[in-house]
Amino acid sequence: MRLSFKHQHRPPGMVLAGAGISVLMLLPLAYIAAYALRGGAADWARLWHTTLPGLLFNTLSLAAGTAAFTFALGVSLAWIVARFEFPGRRVWTWLLALPLGVPPYIMAYVWTDLFLPGGWAQVLWKSLAGPQAELPLPYGRYLPTVWVLGLATYPYVYLLVRASLGNHNMTFEEAAQIQGVSRLTRFLRVTLPLQRPAIMAGLFLVVLYVFSDFGLVSMMRFHTFTRAIYLELSGRGDRITAAMLALVLIGMSALLFWQERRARSRSRFYQTGGRFRRLSPLPVGRLGTLAIWGYLVFWFGAAFGLVVSYLAYRSVEGIRAGGLPAALWGYAFNSIFTSGAAATISVFLIVPVAYLATRYRDRLFQLYLRASYMGYVLPGPIIGVGVLFIAIHLLSPIYGTVAVVILAYLIRFLPEGLQAQEAAFHQIKPHLEEAARIEGDTFHRALLRVVFPLAKTGILTGWLLVFVSAMKELPATLLLRPLGFDTLAIRIWIETSEEFYALAAPAALVLIGVSAPLFGLLISRDLRRQVT
Amino acid sequence: MGAILEIRELHKRFEPGPWVVDDVSFTVEAGSLMYVLGPSGSGKTTLLRLVAGFEAPDAGEIVKGGDVISAPGRVIAPEDRRIGMVFQDYALFPHLTVEANVRFGLDRPGFIPLALSMLPGLGALGRARRTGPRPNGWGSADPGRSLPELFELTRLSGLERRYPHELSGGQQQRVALARALARGPHLVLLDEPFSNLDTTLRRQIRDEMRDVLRSAGTTSLLVTHDQEEAINLADRIAVMEGGRLQQVGTPEEILHRPSNRFVASFVGPSDFIPGVVNGDLVETEVGANPLPPDLLALSGTKVDVQLRPDHFQLCENGQGTEARVIGREFQGASTVYALVLPSGTRVQAGLPGHLELAAGDLVRIRYRPPVLVCFPVRRADRP
Chain A
1 MRLSFKHQHR
11 PPGMVLAGAG
21 ISVLMLLPLA
31 YIAAYALRGG
41 AADWARLWHT
51 TLPGLLFNTL
61 SLAAGTAAFT
71 FALGVSLAWI
81 VARFEFPGRR
91 VWTWLLALPL
101 GVPPYIMAYV
111 WTDLFLPGGW
121 AQVLWKSLAG
131 PQAELPLPYG
141 RYLPTVWVLG
151 LATYPYVYLL
161 VRASLGNHNM
171 TFEEAAQIQG
181 VSRLTRFLRV
191 TLPLQRPAIM
201 AGLFLVVLYV
211 FSDFGLVSMM
221 RFHTFTRAIY
231 LELSGRGDRI
241 TAAMLALVLI
251 GMSALLFWQE
261 RRARSRSRFY
271 QTGGRFRRLS
281 PLPVGRLGTL
291 AIWGYLVFWF
301 GAAFGLVVSY
311 LAYRSVEGIR
321 AGGLPAALWG
331 YAFNSIFTSG
341 AAATISVFLI
351 VPVAYLATRY
361 RDRLFQLYLR
371 ASYMGYVLPG
381 PIIGVGVLFI
391 AIHLLSPIYG
401 TVAVVILAYL
411 IRFLPEGLQA
421 QEAAFHQIKP
431 HLEEAARIEG
441 DTFHRALLRV
451 VFPLAKTGIL
461 TGWLLVFVSA
471 MKELPATLLL
481 RPLGFDTLAI
491 RIWIETSEEF
501 YALAAPAALV
511 LIGVSAPLFG
521 LLISRDLRRQ
531 VT
Chain B
1001 MGAILEIREL
1011 HKRFEPGPWV
1021 VDDVSFTVEA
1031 GSLMYVLGPS
1041 GSGKTTLLRL
1051 VAGFEAPDAG
1061 EIVKGGDVIS
1071 APGRVIAPED
1081 RRIGMVFQDY
1091 ALFPHLTVEA
1101 NVRFGLDRPG
1111 FIPLALSMLP
1121 GLGALGRARR
1131 TGPRPNGWGS
1141 ADPGRSLPEL
1151 FELTRLSGLE
1161 RRYPHELSGG
1171 QQQRVALARA
1181 LARGPHLVLL
1191 DEPFSNLDTT
1201 LRRQIRDEMR
1211 DVLRSAGTTS
1221 LLVTHDQEEA
1231 INLADRIAVM
1241 EGGRLQQVGT
1251 PEEILHRPSN
1261 RFVASFVGPS
1271 DFIPGVVNGD
1281 LVETEVGANP
1291 LPPDLLALSG
1301 TKVDVQLRPD
1311 HFQLCENGQG
1321 TEARVIGREF
1331 QGASTVYALV
1341 LPSGTRVQAG
1351 LPGHLELAAG
1361 DLVRIRYRPP
1371 VLVCFPVRRA
1381 DRP
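Top line first, the protein sequences correspond to chains A and B.
Sequential numbering from 1 applies to the first sequence in my numbering.
Sequential numbering from 1001 applies to the second sequence in my numbering.
What the hints contain is simulated information worked out from the structure, not anything from laboratory work.
Note that CB positions come from ideal geometry on N, CA and C, so glycine has one too.
Be careful, since some hints might not be right.
[Claimed, not checked] Here are a few chain A residues that sit away from chain B, every Cβ distance over 12 Å (derived from the structure):
| id | residue |
| --- | --- |
| 1 | ALA45 |
| 2 | GLU85 |
| 3 | PRO197 |
| 4 | ARG221 |
| 5 | LEU256 |
| 6 | ALA291 |
| 7 | VAL347 |
| 8 | PRO397 |
| 9 | GLU434 |
| 10 | GLY440 |
| 11 | ILE494 |
| 12 | ALA502 |
[As the list claims (entries may be wrong)] Derived Cβ-Cβ restraints for the label pairs, each shown as a range:
| id | chain 1 | residue 1 | chain 2 | residue 2 | range |
| --- | --- | --- | --- | --- | --- |
| 13 | B | LEU1116 | A | PHE337 | 17 to 25 Å |
| 14 | A | ALA30 | B | ALA1115 | 29 to 37 Å |
| 15 | B | LYS1302 | A | GLN366 | 52 to 60 Å |
| 16 | B | SER1259 | A | GLN366 | 39 to 47 Å |
| 17 | A | PRO283 | B | LEU1119 | 43 to 51 Å |
| 18 | A | GLN366 | B | PRO1039 | 28 to 36 Å |
| 19 | B | GLY1242 | A | ALA34 | 51 to 59 Å |
| 20 | A | ARG196 | B | ASP1310 | 56 to 64 Å |
| 21 | B | TYR1163 | A | ALA326 | 48 to 56 Å |
| 22 | A | ALA423 | B | GLY1169 | 41 to 49 Å |
| 23 | B | GLY1242 | A | LYS429 | 22 to 30 Å |
I would like the entire structure built from these sequences, with the hints used as guidance.
This is the structure:
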């Protein structure tokens, strides 16, 4: 007979694997810190007197502007689809989240191209105002960047507020109504404050994204931390300065991340106690429908419709001129291969971390979990730097191979899969595993026969999340790819930075074509769960 | 028949807390229905989990059929104990049909088909039946009964293709029981098996379950906080409180000869009033009753006498004690009245419902139990 020496015996294989994964996830940060510490006080002073204040101002003002824009846009859209009954409401609920499936740098590329000479905006303006007219637009960099960044990230706010409104308890509104409060005041004093946790969570995601974005700000030529780090590294090869800047950015992201966690754990609004009535959408008249459709079409068009149709137009134009570059399918294969490999490996790496953290109350396993969530606060260029250091010092045999790229994807996107798996394991009662044990299954058999089948959806969701994110990844790939190894994202970057805008269109279209449907699948599953 | 399970001086604590199971010893006879009864937090569920092998003892041992299955540092894995279990929430596998749930322990899909079944579209592989030799040292011993017989016994025939969420609470419980019995276990553990059921259904379902357990011929160890259930179903009861065993005995022994005040008051609502031993009688404000045979006490000894509401009688004028009604509560055919005795003591007494007494009415009563329960007054109990 086999003996299990201690009950709650931690499965040793998993504990060991978890430790290994935690170390791997912490390595980039450790190397960046080590490099940054090589910079002495003089280096920090120089940084403080030269680039740092400007970078801080740019990054923070961009974050503030984008947060304000996404707040207005995300909340208004969520409110409309939750509160009013109009034809097509369900489809719109889903459509409005779709821009999240478009890589932000593609949005930047399209919007830039629109306003270049020969672009649709210019053509339209000239046809209206005459051939000599110049398009009067704020050609500064701040407002256009906020515009595109906001269009790319408003779905974070929209999705979370929409979900929160789906759980909104009408009783509160009725309580306010009986106190004689008007509809607008009710919205401002009752409904909106109750969505505050969701709004804050959405805005945190937006700001975290603004901190980490590289591709979009680079294409808009707006100078933030990520761009500075990339330029230090690729332009000047100054690893120490790059590491120092990276450390500052990580500090900012981590501060934000822990703030958000703290805020979330403190402000828990229990909306669903006892009797619970959902928000029932108000029917609107013909004029109301028209107004709503106008509003939705405008923003959806700006964030998605225009982008896709412009890419399609440019691609057709390109094909007419010279046909599709045959290499395109090679780029697509490279993208799918590296992302697929990263997603698949991530599933296996996540299992021990997620399982241990959800099954045992143990400090160590909580540490594993935190270490594995590190990728959330490490923006792409920083992962690139960190993995570069690892490859140089620890894994020189794989330096300059595709494996390094996959490793970077793993560290960067593992948290997204982890979140999905953690939630899935949480929902499985430990009693089920005990029932399997008492029915004669060993620990591993019980995992395979009970836990994994029940967590399947969560595991699959995790795979998809990692895959979709990796498909879009740009900065780490740029820093780490072997010479001549082009993915779709890289091709778009190269063509646009050399201003062959038409050449980037087919690659962008293929990239959206692969990732947007998967993304649509993810959100439709999510929405189905929360929307009536 | 001898003891199939022996629990010897078992100790368990969850650092840094107090002992959850504190020096517990008792035996379970083969083929019997044993209850562990105690309030929540008494350590009874931990005791059950120790027997199942989900927890390891800190001291003492558990012996099943002559083999030590649990001792500090030597715990046989749950899957190797030949023990079945019905969990409090039944723990039915939600992704499997009733039949697949019941035969879960009999099926042995290989590791590779199982791993492949994780891939989308290949789920069927994991359900491939390979009913091999009994796994994990259960040996080729009596496999129990055939599955159709088991479905018949637990009245699940016709429900085999359903999923757990499509079943009523009682049906779910029978599936859990069938699953626990499927491998022909030596011992079945049941953790509060009726607590998830409607009160109106509970009595019927628990009688059914007892019949199933009896006709399956297994030994059962049940845990509950419901004294009425334990008294009605058990062959023997072990009463636990604060991790310690208070008394082990038949329902009659527990009811009529409780070993201490805790047991006496836990197995049913009751009040205690002072009494004095006078020869073979115990005199109280509500009448004199014979001294229990196992209590040796001299005349003049002060005792605390337990009054159960069920054993009060109405008296003619001039007899018994006059008590004033201060409240009432309907309980089926009888009504339990709150009464104040002349001394000012309050007691609960069950009297026929047709009396329709109201607060302030006077009534004459006498206490006439089948066996009087009383405890000598300890100095600490009363000043």
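Results of checking the hints against the structure:
1. ALA45: holds, 51 Å
2. GLU85: holds, 31 Å
3. PRO197: Holds: least Cβ distance 30 Å, greater than 12 Å.
4. ARG221: holds, 44 Å
5. LEU256: holds, 36 Å
6. ALA291: The assertion about ALA291(A) holds, with a minimum of 43 Å to chain B.
7. VAL347: violated, 10 Å
8. PRO397: The claim stands: PRO397(A) keeps its Cβ more than 12 Å from every Cβ of chain B (closest is about 30 Å).
9. GLU434: Violated, because the least Cβ-Cβ distance between GLU434(A) and chain B comes to about 6 Å, which does not exceed 12 Å.
10. GLY440: Since the minimum Cβ distance to chain B is about 5 Å, GLY440(A) lies within 12 Å and the statement is violated.
11. ILE494: ILE494(A) clear of chain B: closest Cβ-Cβ about 35 Å, beyond 12 Å.
12. ALA502: Consistent with the label, ALA502(A) stays out of reach of chain B, its closest Cβ about 38 Å off (over 12 Å).
13. LEU1116(B) with PHE337(A): 17 to 25 Å: holds, 22 Å
14. ALA30(A) with ALA1115(B): 29 to 37 Å: Roughly 34 Å apart at Cβ, these two residues keep to the hinted range, so it holds.
15. LYS1302(B) with GLN366(A): 52 to 60 Å: At roughly 58 Å between Cβ atoms, GLN366(A) and LYS1302(B) fall inside 52 to 60 Å, so the hint holds.
16. SER1259(B) with GLN366(A): 39 to 47 Å: holds, 46 Å
17. PRO283(A) with LEU1119(B): 43 to 51 Å: holds, 46 Å
18. GLN366(A) with PRO1039(B): 28 to 36 Å: For GLN366(A) and PRO1039(B) the Cβ distance comes to about 33 Å; the hint holds.
19. GLY1242(B) with ALA34(A): 51 to 59 Å: Holds, since GLY1242(B) and ALA34(A) (Cβ atoms, about 55 Å apart) stay within the stated range.
20. ARG196(A) with ASP1310(B): 56 to 64 Å: Given a distance of about 58 Å, which is inside 56 to 64 Å, the answer is holds.
21. TYR1163(B) with ALA326(A): 48 to 56 Å: Roughly 51 Å apart at Cβ, these two residues keep to the hinted range, so it holds.
22. ALA423(A) with GLY1169(B): 41 to 49 Å: violated, 28 Å
23. GLY1242(B) with LYS429(A): 22 to 30 Å: holds, 28 Å
Violated hints, in rising order: 7, 9, 10 and 22; the structure is consistent with all others.
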